[in-house]
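**Q** Going down the list, the sequences are from chains A and B.
Take 1 as the starting number for the first sequence in full-length UniProt numbering and just add one per residue.
Take 1 as the starting number for the second sequence in full-length UniProt numbering and just add one per residue.
It should be emphasised that the hints constitute simulated quantities derived from the structure, not laboratory data.
Each hint should be verified, as a subset may be incorrect.
Covered by chain A, according to a simulated footprint, are these stretches of chain B (three or more residues, beta-carbon under 8 Å) [said to hold, decoys possible]:
#: 1; region: 16-26
#: 2; region: 55-68
#: 3; region: 71-79
#: 4; region: 96-104
Pair by pair, the computed Cβ-Cβ distance ranges are [to be verified]:
#: 5; chain 1: A; residue 1: Thr140; chain 2: B; residue 2: Val9; range: 33 to 43 Å
#: 6; chain 1: A; residue 1: Lys612; chain 2: B; residue 2: Val9; range: 52 to 62 Å
#: 7; chain 1: B; residue 1: Gly98; chain 2: A; residue 2: Glu819; range: 55 to 65 Å
#: 8; chain 1: A; residue 1: Lys349; chain 2: B; residue 2: Glu15; range: 48 to 58 Å
#: 9; chain 1: A; residue 1: Asp124; chain 2: B; residue 2: Glu95; range: 54 to 64 Å
#: 10; chain 1: A; residue 1: Arg170; chain 2: B; residue 2: Glu95; range: 29 to 39 Å
#: 11; chain 1: B; residue 1: Val9; chain 2: A; residue 2: Thr599; range: 25 to 35 Å
#: 12; chain 1: A; residue 1: Val597; chain 2: B; residue 2: Gly27; range: 51 to 61 Å
#: 13; chain 1: A; residue 1: Pro510; chain 2: B; residue 2: Glu14; range: 27 to 37 Å
#: 14; chain 1: A; residue 1: Ala333; chain 2: B; residue 2: Glu95; range: 57 to 67 Å
#: 15; chain 1: B; residue 1: Glu14; chain 2: A; residue 2: Lys612; range: 25 to 35 Å
#: 16; chain 1: B; residue 1: Glu14; chain 2: A; residue 2: Asp608; range: 34 to 44 Å
Even glycine gets a Cβ: it sits at the ideal position worked out from N, Cα and C.
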Amino acid sequence: MTAVLGGRTAGQTSLALDGDDTRARLVVVGNGMAGARFVEEVLERDGGEHLRITVFGDEPHGNYNRIMLSPVLAGEADEADIVLNSHDWYADRDVDLRAGVRVERVDTVAKVVHAADGSATPYDHLVLATGSHSFIPPMTGVRTADGSLLPGVVGFRTIDETRQMLAAARTHRRAVVLGGGLLGLEAARALQAQGMVVELVHAAEWLMNAQLDAEAGAVVRRSVEELGIAVHLGALATEVVGTDRVAGIVLKDGRRLDCDLLVVAAGVRPHTDVAVRSGIEVERAVLVDDRMATDVPDVYAIGECAQHRGTVYGLVAPAWEHATVLADLLTGADPEAAYTGSRTATKLKVAGVDVAVMGVSTPERDSDEFLVISEPRRGVHLSVVVRDDRLIGATLVGDTRKVAFLTQAFDRGTPLPAERIKLLVDLSDGDAEVGVAELPGDSQVCNCNGVSKDRICGAVADGCTSLPSVMDATRAGKGCGSCKGLVRQIVEWAADGELTVEESASWYVPGIPMPKPELVTAIREHDLRSVSSVFATLARGGVEDAKSKMGLASLLKTIWGSDYVPEPDATFVNDRVHANIQRDGTFSVVPQMKGGVTTPAQLRRIADVAEKYEVPMVKVTGGQRIDLLGIRKEDLPKVWADLGMPSGYAYGKSMRTVKTCVGSDFCRFGLDDSTQLGIDIETRFQGVESPAKIKMAVVGCPRNCAEAYVKDVGVVATGKGRWEVYVGGAAGASVRKGDLLATVSTTEEVLTLIGRFIQLYRENGNWLERTYDFVPRWGLDRIKAVLLEDSEGICDALDEGIQRSIDAYTDPWARDLAEPASPGQFRTSLPLTVLPQVPVR
Amino acid sequence: MTATAQAYVVGRAEEVPLGEGRAFTAGGTPVAVFRLRDGSLRAVAAVCPHAGGPLADGQSDATVVVCPLHLNAYRWEDGSSPTGAPPVAVYPVREEDGALVVET
Ligand code: SRM
Ligand SMILES: Cc1cc2nc3c(=O)[nH]c(=O)nc-3n(C[C@H](O)[C@H](O)[C@H](O)COP(=O)(O)OP(=O)(O)OC[C@H]3O[C@@H](n4cnc5c(N)ncnc54)[C@H](O)[C@@H]3O)c2cc1C
Ligand code: SF4
Ligand code: FES
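One chain only, chain A, in its complex shape:
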């Protein structure tokens, strides 16, 4: 008993409460996907009333979504986006989280958990949820003398390993990934996206051999190679070379592959050391029965560290099913609950390819039907295995449109169409997806969380009227997120047009509870000219909000033009120093080059500046001008002074560039002077603030060499002095052809129409809403009516509004050269780092 009491002082459990707290003690070892979900499920069943919960987590973090590590590594998601439960979450729910504390062994007789921090924590119920760790195959030299991995060698399991890889991607060039399964492919693709040269080494004869047959594996290989990743199959790594850091690996056939990062993704092994040391029965993993109970009384195991009926699962859906069943049992919510196994159907995106697999991948008996559609060129390979009129396996690579129906048939044995090919393609019309309305109610929509269409509809019927509220209530879409689109469709269908959005979704910025039109009226009414006065007057409790400042500053500039009162703290750093901040804290400088036209004198000056300030990279941009990248903050004013050119606003939420083609002056097809019109447009609208950036182009004929059809505003010459004006086009993150707003006969009309359109967008666009979203939201017909027929009688006001902003234009570089906006405006912010750190070419 003394050992227990003494040990507990090191922990954070409140000793004082002990005497009065009669609740049973529930201790969870492992704060991963299974452990944390189990705690959530317990709390949802009001388990907190009679259970006092302690969670040990080896990782110092709260709980995060492990399956989203690949997007984080690829730079597609932020670490912040993948947090599921923060430390606060545990504290708020009176759960004692011992983050960063490793459990070493359990005294199952005294019922005490011993942890690495010396603490001893008694339990009434103990749940092991220790998951798995990366398997490091035996290779000469992979470990240093003290047993740790050679620097530069990492597994792919945790956020810390992901961070290590991201750090390596910044400072190193070549990566080798060991293992061509799911994780290996994800790591390879992500590191490639981070700019590394990546080679993939896989021991088996084809990729993803655990899930796919040889042909499907070949299709994946093709797609991976198309990304520029070299693939070595049937290759066994035997040795890791390098003394202070990994320098390469040697394969069994003697070949050497050089690398400065080695990612080992050659499978996982369940974390069973705690169980083994504590005398709990372990085979490949901790043995459990249908109640998730081990052979030791009151000790349970869930997730990847558990072996149930001979199976160890490696996916999150079974782990979450374990958590639910055990929560039902331990809270008494359903004393009969039992887990009988999972049929795993997985839908994944591997190296950019959609993959769905369920059941077996190849026929096993002579009488099995096997249907294959293979189009390797398109990266598509589909197959199904049917036994006795039931679907027993399906593999979809590159095209997963039929996955909903197949999962349904696989899970529930629904009857199959006599024409088997209909299992894989819709013969009626190739593109038709199974309509939401026709989808059977019990079909599984979210595989990770096992949520059916009926549950989603039920949540809507119970009063959830927005997508986020349905997702919160059912957890649909909260695993890997690949089903979110379908969830949204179902919610919309079930709500039958009654869908609401969260209150704050309509606000212009999070810190002021008002939609844009209301906000604009209030700003005018109270004559608010600075961001701080907006907070003081309109924010709840007058509280300022850092993340709202940039949007408000932009809006005030739009409303007040030169009467706006600027405040440095309201402005994002890019707008404070009129350049674009880079990953290492240096900046890029893009001088204006109207219409993409320059002169030898300008080029000479740019060249001189580049040499004088040792600019690491000079690059021709996609916007038809020249970018000087990697400039130190303190050099910015000197660079502008030497350039003697105005800012190109490449950093602002504002009008950026007008691209042009050579047009009638030079091109044999040119129908009009697109170059001059482009220069005139850029001159008129330079630097105009807007909710998001605006990019334009003018082309001399419909061959469209400067991509005018895919710009926020695109102008196309059609001959005889006529010009087509397109709006709402884009070829960035989303690609949309612009809508034809009007065809006009003079360049003056072009300029007027563009001015009206931009002003309408400036006054009504949401913060960061590009025109490619704004135009469809308003509808082309309405925009046409307003701008061409003056249906709302606002054209004069629009003309005046845009003119005010045009008159307020001053070149920010010239302005701040003359007089810095505030003391130390260009002082370096990273005093001890040697800059620049961007690569020098």
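Dock chain B with the ligands against the given chain A, drawing on the hints supplied.
**A** Then chain B with the ligands, alone, in the frame of chain A:
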């Protein structure tokens, strides 16, 4: 930790304008000092724990500073991050006869 804290004069008070942040070194530690809208001073490590961003270039309000690179936020109170990034070190800072004093 406080037992071994050292006070350093890092610069002049007027070097940090209202609402902005500036970077200094306090005995070898890079620190970002901010003057909030209410005139009070705050100091955190100058290097963002997320990916090394320059926090002195960030935007602030009464509760947090927001890093300019990936917009992670950090609380003045304890350096913890409501956006889920690892915490940043927070340092006591004060004005003494027009000098900025930071304890690290
Ligand atoms: C320099 C340039 C790439 C190049 O080397 O060519 C570039 C660089 C950046 N682009 Fe771009 N874009 C550049 C042309 C484009 C183009 C092509 C064009 O303008 O014709 C597009 C597609 C057109 C479009 O915008 O519709 C483009 C679509 C984007 C997007 C996607 C926007 C979207 O909503 O679809 C982003 C991300 C964003 O804005 O949130 C982006 C964001 C960025 C940022 C600003 C990322 C950032 O926030 O820091 C990059 C700055 C790099 C740096 O550190 O300086 N850039 N970017 C090009 C500068 C053009 C210029 O002279 O101003
Ligand atoms: C990059 C990546 C991508 C993935 N993608 C998918 C996907 O798309 N779909 C899918 O279904 N699955 C995917 N998975 C698998 C999925 O993440 C796992 O199945 C799931 O995390 C298992 O949950 P778990 O709780 O059993 O283990 P984990 O999430 O690993 O949690 C175990 C926790 O226990 C801790 N721990 C271990 N030992 C101790 C100890 N002695 N003391 C204290 N704490 C301890 C560990 O530190 C860890 O935090 C992916 C995995 C990775 C790594
Ligand atoms: S320049 Fe544009 S496309 Fe290239 S990495 Fe930056 S944002 Fe992405
Ligand atoms: S570096 Fe600060 S948020 Fe990424």
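**Q** Please go over all the hints and tell whether each is borne out by the structure.
**A** Cross-check of the supplied hints:
no.	hint	verdict
1	16-26	holds (count 10)
2	55-68	holds (count 12)
3	71-79	holds (count 3)
4	96-104	violated (count 0)
5	A:Thr140 <-> B:Val9: 33 to 43 Å	violated, 55 Å
6	A:Lys612 <-> B:Val9: 52 to 62 Å	violated, 35 Å
7	B:Gly98 <-> A:Glu819: 55 to 65 Å	violated, 24 Å
8	A:Lys349 <-> B:Glu15: 48 to 58 Å	holds, 50 Å
9	A:Asp124 <-> B:Glu95: 54 to 64 Å	holds, 55 Å
10	A:Arg170 <-> B:Glu95: 29 to 39 Å	holds, 37 Å
11	B:Val9 <-> A:Thr599: 25 to 35 Å	violated, 51 Å
12	A:Val597 <-> B:Gly27: 51 to 61 Å	holds, 53 Å
13	A:Pro510 <-> B:Glu14: 27 to 37 Å	holds, 33 Å
14	A:Ala333 <-> B:Glu95: 57 to 67 Å	holds, 58 Å
15	B:Glu14 <-> A:Lys612: 25 to 35 Å	holds, 32 Å
16	B:Glu14 <-> A:Asp608: 34 to 44 Å	holds, 36 Å
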